[in-house]
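Residue-level listing of the chains:
There are 2 protein chains.
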Amino acid sequence: MIRVVLLGTGNMAHHLYDAFSSTERVQVVQVVGRNKEALKHFENTSSDFGSIAQADIYIIAVNDLSISTVKQELTEINGLIVHTSGSVPIDDLKPNKNIGIFYPLQTFSKARKVDFWTVPICIEANSQENLNLLATLAKTISHRLYEINSEQRKTIHLAAVFANNFTNHLYDIAHEICVAHQVPFEILKPLILETAQKVQSHPPSSMQTGPARRNDTETIAKHLEQLGNQKQKEIYTLLSESIKENYGEKL
Amino acid sequence: MIRVVLLGTGNMAHHLYDAFSSTERVQVVQVVGRNKEALKHFENTSSDFGSIAQADIYIIAVNDLSISTVKQELTEINGLIVHTSGSVPIDDLKPNKNIGIFYPLQTFSKARKVDFWTVPICIEANSQENLNLLATLAKTISHRLYEINSEQRKTIHLAAVFANNFTNHLYDIAHEICVAHQVPFEILKPLILETAQKVQSHPPSSMQTGPARRNDTETIAKHLEQLGNQKQKEIYTLLSESIKENYGEKL
Ligand SMILES: NC(=O)c1ccc[n+]([C@@H]2O[C@H](COP(=O)([O-])OP(=O)(O)OC[C@H]3O[C@@H](n4cnc5c(N)ncnc54)[C@H](OP(=O)(O)O)[C@@H]3O)[C@@H](O)[C@H]2O)c1
Ligand SMILES: NC(=O)c1ccc[n+]([C@@H]2O[C@H](COP(=O)([O-])OP(=O)(O)OC[C@H]3O[C@@H](n4cnc5c(N)ncnc54)[C@H](OP(=O)(O)O)[C@@H]3O)[C@@H](O)[C@H]2O)c1
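Those protein sequence lines, which keep their order, are chains A and B.
Quick note: the first sequence uses full-length UniProt numbering, first residue 1, plus one each step.
Quick note: the second sequence uses full-length UniProt numbering, first residue 1, plus one each step.
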């Protein structure tokens with residue numbers, strides 16, 4: 001039985017709490033947060049960062065910029081302290097003796113349930129013993145465990161900005177185009193899903209299609225005319241150029 | 001029983017053929033193509049565009065630029081002639097008397113099976129009778145039928161470039177970043193899928209996250225430093241600006 005304290009009450013804390021609650025091998029002994037309303041979702045809660053329960057692992061699941069603030073409260077603690085961020089280095093948890101990272105690579109929001117078993121968990125620690133403990137913890141909730149150092153994690157976080165944040169923004173532009181021309185966005189949803197499903201089993205470059213991929217300058221020109229918005233024109237032009245360059249290289 | 005002739009042997013023809021073959025209500029009486037190797041996948045084939053079988057509907061499923069060429073072979077035909085393109089106007093099928101569009105909005109490749117029942121089919125025709133016939137045909141293979149005029153179809157095609165072609169290119173950039181830093185692309189796949197799944201039930205704007213969304217200039221600067229490639233830096237900058245603008249407006 002691994003005893004865990006969760007610090008934070010946001011999206012990550014919710015999803016971790018639900019995942020840990022579904023296994024007998026983990027006990028969430030306390031959830032600590034400053035937000036009393038948000039604490040109501042959990043059991044064994046406290047809003048006093050000064051009196052934290054005994055545990056094997058302390059998971060700091062607060063905004064990246066607040067990780068070091070919350071960490072100040074944990075200087076007396078001997079257990080393993082980890083955070084869940086893709087971009088904060090492990091060294092930010094020093095000078096504590098037992099430190100690590102427990103970064104679930106997924107996009108969480110309270111509105112959607114996620115099957116945690118499919119979520120890749122990136123772990124890192126300052127000793128083999130601590131790494132083993134994190135691996136044991138990760139395996140209680142996920143089938144996908146990766147040992148990733150802070151340098152690699154920075155890479156993953158950057159790649160995730162393209163694969164998630166920017167991709168979602170393209171969906172948003174597609175949505176705007178539909179709304180502007182009274183076409184239901186609904187109609188694009190199967191395409192969006194299939195596009196994501198294709199790269200589950202094929203390299204994205206082999207799945208590239210469209211006017212830029214076949215250098216169809218006539219369609220590209222027509223599309224640019226159709227776009228009402230200057231930023232959208234710029235994005236269309238830049239991404240088309242980038243596809244053309246890539247495809248040119250690969251020929 | 002609707003009798004169909006398919007013209008073309010590419011991705012679209014394959015998927016339509018498989019879908020029609022699974023229903024008793026449609027009979028593909030002939031597949032006509034210039035590519036003899038590709039014709040082997042089908043039954044009742046011909047490579048002679050000059051002797052086309054009698055049918056109710058003739059579906060031209062060749063490259064956009066060749067639609068008008070293939071159409072030349074069909075001047076003597078009385079049945080309904082349609083093409084499957086998102087961007088070619090219906091008027092390009094004139095002066096035939098019975099013309100229309102049968103545009104399945106999905107990304108097809110021979111390597112992947114698609115559940116056609118979920119594919120939105122956009123139909124348009126030059127008469128109510130022809131439209132009814134296309135609706136009947138569409139309903140034999142899909143639950144999602146949309147009556148869409150050529151103007152709206154242009155909008156949808158443009159939106160699809162963002163939702164499919166450009167999105168796939170972002171996956172490709174994420175892939176390149178991973179490869180350049182020896183991180184397995186594998187690790188991003190659940191994130192890619194969940195990002196697409198989220199917008200099946202939520203508007204994309206409500207799902208936007210990331211450094212640009214929260215105007216985290218420090219992370220943005222670090223990411224730009226990390227990117228090795230000039231085009232990638234430009235794309236990162238432009239999409240971040242665009243997100244910031246959108247989010248600023250919506251505040
Ligand atoms: N959500 C995701 O998809 C995701 C994915 C991977 C990694 N992560 C990482 O997980 C961590 C948490 O993210 P999240 O999505 O859960 O964020 P979130 O939903 O915004 O929640 C942030 C939590 O941190 C608390 N907090 C912020 N500043 C604090 C402070 N100074 N003292 C105490 N508590 C403070 C907030 O309390 P208040 O409610 O009082 O503000 C809230 O409970 C971050 O490091 C993030 O990078 C998130
Ligand atoms: N694939 C998709 O995801 C998708 C989605 C929606 C709409 N569409 C539309 O469906 C249509 C077909 O696309 P596709 O993906 O099936 O293309 P494809 O896989 O490249 O196949 C094109 C077919 O057209 C034939 N063709 C080209 N020029 C010809 C000519 N002058 N005479 C006779 N045959 C000719 C090709 O024969 P060869 O093998 O001899 O070149 C091939 O059989 C296009 O209008 C496209 O816009 C495609």
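Honestly, I wouldn't trust all of these hints.
[Stated by the list, open to error] Straight-line distance between alpha carbons at most 16 Å, and here's what the computed EDC-like set of lysine to aspartate or glutamate pairs gives:
hint, chain 1, residue 1, chain 2, residue 2
1, A, K154, B, E225
2, B, K231, A, E176
3, A, K231, B, E241
4, A, K231, B, E234
5, B, K110, B, D48
6, B, K231, A, E241
7, B, K154, A, E176
8, A, K113, B, D92
9, B, K36, B, D48
10, A, K154, B, D48
11, B, K154, B, D92
12, A, K110, B, E194
13, A, K139, A, E176
14, B, K139, B, D115
15, A, K244, A, E225
16, A, K231, B, E245
17, B, K233, A, E176
[Stated by the list, open to error] Pair ranges (Cβ atoms, derived):
hint, chain 1, residue 1, chain 2, residue 2, range
18, B, T118, A, N215, 30 to 40 Å
19, B, N11, A, K40, 50 to 60 Å
20, A, S51, B, S109, 23 to 33 Å
21, B, N11, A, E129, 48 to 58 Å
22, A, G50, B, E245, 54 to 64 Å
23, B, N35, A, S21, 24 to 34 Å
24, A, N132, B, P184, 18 to 28 Å
25, B, T69, A, Y247, 18 to 28 Å
26, A, H181, B, S51, 39 to 49 Å
27, B, H143, A, T23, 32 to 42 Å
28, A, N132, B, E245, 39 to 49 Å
29, A, H143, B, W117, 51 to 61 Å
30, A, T140, B, E43, 47 to 57 Å
Since the hints were derived computationally from the structure, they do not count as laboratory data.
Heads up, the beta-carbon is just placed ideally off N, CA and C, and yes, glycines get one too.
Quick rundown of the hints versus the structure:
1. Between A:K154 and B:E225 the alpha-carbon distance is near 11 Å, which keeps this suggested pair within the 16 Å criterion.
2. Taking the CA atoms of B:K231 and A:E176, the gap is near 25 Å; set against the 16 Å cutoff, the hint is violated.
3. At most 16 Å may separate the alpha-carbon atoms for a hinted pair to count; A:K231 and B:E241 meet this at roughly 9 Å.
4. A threshold of 16 Å between alpha carbons decides the hint, and for A:K231 with B:E234 the separation of about 13 Å falls inside it, so the pair holds.
5. Proximity of B:K110 to B:D48 is assessed by CA-CA distance (about 24 Å); at most 16 Å being required, the pair is judged violated.
6. At most 16 Å may separate the alpha-carbon atoms for a hinted pair to count; B:K231 and A:E241 meet this at roughly 9 Å.
7. Between the alpha carbons of B:K154 and A:E176 the distance comes to roughly 15 Å, so the proposed pair stays at or under 16 Å and holds.
8. Among the hinted pairs, A:K113 with B:D92 is inconsistent with the structure: their alpha-carbon atoms are about 48 Å apart, more than 16 Å.
9. Between B:K36 and B:D48, the direct Cα distance comes to roughly 11 Å. Compliance with the 16 Å bound is thereby established for this hinted pair.
10. Only pairs whose Cα atoms come within 16 Å are accepted, and A:K154 paired with B:D48 is rejected, the gap being roughly 58 Å.
11. Pair hint B:K154 plus B:D92 holds up; C-alpha atoms about 14 Å apart against a cutoff of 16 Å.
12. At roughly 14 Å between alpha-carbon atoms, A:K110 and B:E194 fall within 16 Å of each other, so this suggested pair holds.
13. Between A:K139 and A:E176, the direct Cα distance comes to roughly 41 Å. Violation of the 16 Å bound is thereby established for this hinted pair.
14. Between B:K139 and B:D115 the alpha-carbon distance is near 14 Å, which keeps this suggested pair within the 16 Å criterion.
15. Taken as a hint, the A:K244 and A:E225 pair is broken in the structure, with Cα atoms around 19 Å apart against an allowance of 16 Å.
16. For the given pair, A:K231 sits about 9 Å from B:E245 by alpha-carbon distance, which is consistent with the 16 Å threshold.
17. Proximity of B:K233 to A:E176 is assessed by CA-CA distance (about 25 Å); at most 16 Å being required, the pair is judged violated.
18. With their beta carbons about 31 Å apart, B:T118 and A:N215 fall inside the hinted range of 30 to 40 Å.
19. Against the hinted window of 50 to 60 Å, the Cβ-Cβ separation of B:N11 and A:K40 comes to about 53 Å, which satisfies the hint.
20. For the pair A:S51 and B:S109, the beta carbons lie near 59 Å from each other, so the given range of 23 to 33 Å is not met.
21. The hinted window of 48 to 58 Å between B:N11 and A:E129 holds, with their beta carbons roughly 54 Å apart.
22. A:G50 and B:E245 have their C-beta atoms about 43 Å apart, which leaves the hinted 54 to 64 Å range violated.
23. As the Cβ distance of B:N35 to A:S21 is approximately 58 Å, the hint placing it in 24 to 34 Å is violated.
24. Our hint of 18 to 28 Å for A:N132 and B:P184 holds, since their Cβ atoms are close to 22 Å apart.
25. The hint said 18 to 28 Å for the Cβ distance between B:T69 and A:Y247, and at roughly 25 Å that hint holds.
26. Between A:H181 and B:S51 the Cβ separation comes to about 42 Å, which falls inside the hinted range of 39 to 49 Å.
27. The beta-carbon spacing between B:H143 and A:T23, approximately 39 Å, falls within the hinted interval of 32 to 42 Å.
28. A hinted range of 39 to 49 Å for the beta carbons of A:N132 and B:E245 is consistent with their spacing of about 47 Å.
29. At roughly 30 Å, the beta-carbon separation of A:H143 and B:W117 lies outside the given 51 to 61 Å, and the hint is violated.
30. A beta carbon spacing of about 54 Å between A:T140 and B:E43 agrees with the range 47 to 57 Å that was offered as a hint.
Violated hints, in rising order: 2, 5, 8, 10, 13, 15, 17, 20, 22, 23 and 29; the structure is consistent with all others.
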